[in-house]
Structures are given as C-alpha cells and as structure tokens.
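Q: Sequence:
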Amino acid sequence: MHHLPAAPAVPPAVARKQAQAALSTELSTALAPTCPPPVDDLPTARWLGCVVPKRHARRAVTRSLIKRQVRGAFERHAAGLPLGLWLVRLRQPFPVAAFPSAASEALRAAARTELDSLLSQARR
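For the sequence shown, this note's numbering assigns the number 139 to the initial residue and increments by one for each residue that follows.
Hint data in this document are derived by calculation from the structure and do not stem from the laboratory.
Remember, predicted model here, so these are calculated numbers, not experimental data.
You can trust all of the hints, since none of them are fake.
Now the in silico label distances, taken between C-beta atoms and shown as ranges: (1) V234 <-> T182: 35 to 45 angstroms; (2) P220 <-> R246: 26 to 36 angstroms; (3) H141 <-> P191: 14 to 24 angstroms; (4) P191 <-> V152: 21 to 31 angstroms.
All C-beta atoms in this analysis are idealised placements derived from N, C-alpha and C, irrespective of residue type, glycine included.
Could you build the full structure based on these sequences and the hints that come with them?
A: As structure tokens, then:
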C-alpha cells in the first residue's frame with residue numbers, strides 16, 4: 139500500500155484548455171502584486187488506485203473480487219485515512235490450493251481481513 143499526499147494530475151487536454159482560457163489579448167499595465175497569492179497544495183479528497191496483476195490472480199473473477207474488497211475496505215476506513223492518493227497493489231498471490239473457487243467466501247474473508255489490518259495500520 140502506498141500513499142501520496144497529493145491530488146491526481148490534470149489531463150493534458152484539460153490543462154491546454156485551462157491555459158488557453160487564462161491567456162489575455164489585453165496588455166497589463168497595472169502594478170504587479172508585491173506578494174504572490176498563497177498556494178494551498180494540500181489535497182482535498184482521497185483517491186484510490188488498485189493494481190491486481192494477472193500473474194497473481196489468473197482469473198478475472200478473482201481479480202474483480204479483490205478489487206471490490208479493496209474498494210469496500212477503503213470506504214470502511216476512509217474517515218480515518220489522510221487525504222491524498224492511495225494505491226493498493228497485490229504483491230503476491232493468494233494460495234490457489236487454499237481457495238480453489240475463483241470467488242469463494244473464504245477468499246472474500248481472507249482479503250477483507252488482510253485489507254482491514256493494512257488500512258488500520260495506515261490510520262496510525
């Protein structure tokens with residue numbers, strides 16, 4: 139799990155439109171401000187990214203289940219988490235022998251338990 143206290147980048151097309159809208163054809167002859175306006179770079183929301191590689195979860199059903207569990211755990215713990223970008227990445231596969239079904243209740247419970255422990259550690 140990774141956390142960045144930042145906001146997502148603005149897509150290039152939106153940035154170009156904003157830059158074009160900010161351009162003025164009038165000359166500015168007024169005095170320049172003596173102090174630049176304050177800039178608040180603190181994030182204002184939480185964003186979640188989820189990475190579940192095929193090499194760790196071969197079946198799409200399993201990848202979808204894990205992503206749903208990540209989103210659910212994030213919603214449960216969101217109030218205590220700092221604002222910014224969050225990325226949850228599956229680093230190693232769940233043992234296939236222990237969870238033969240692609241979307242078993244046991245896999246749901248194991249993923250939920252592990253995610254809850256990770257997010258409760260992140261709150262501290």
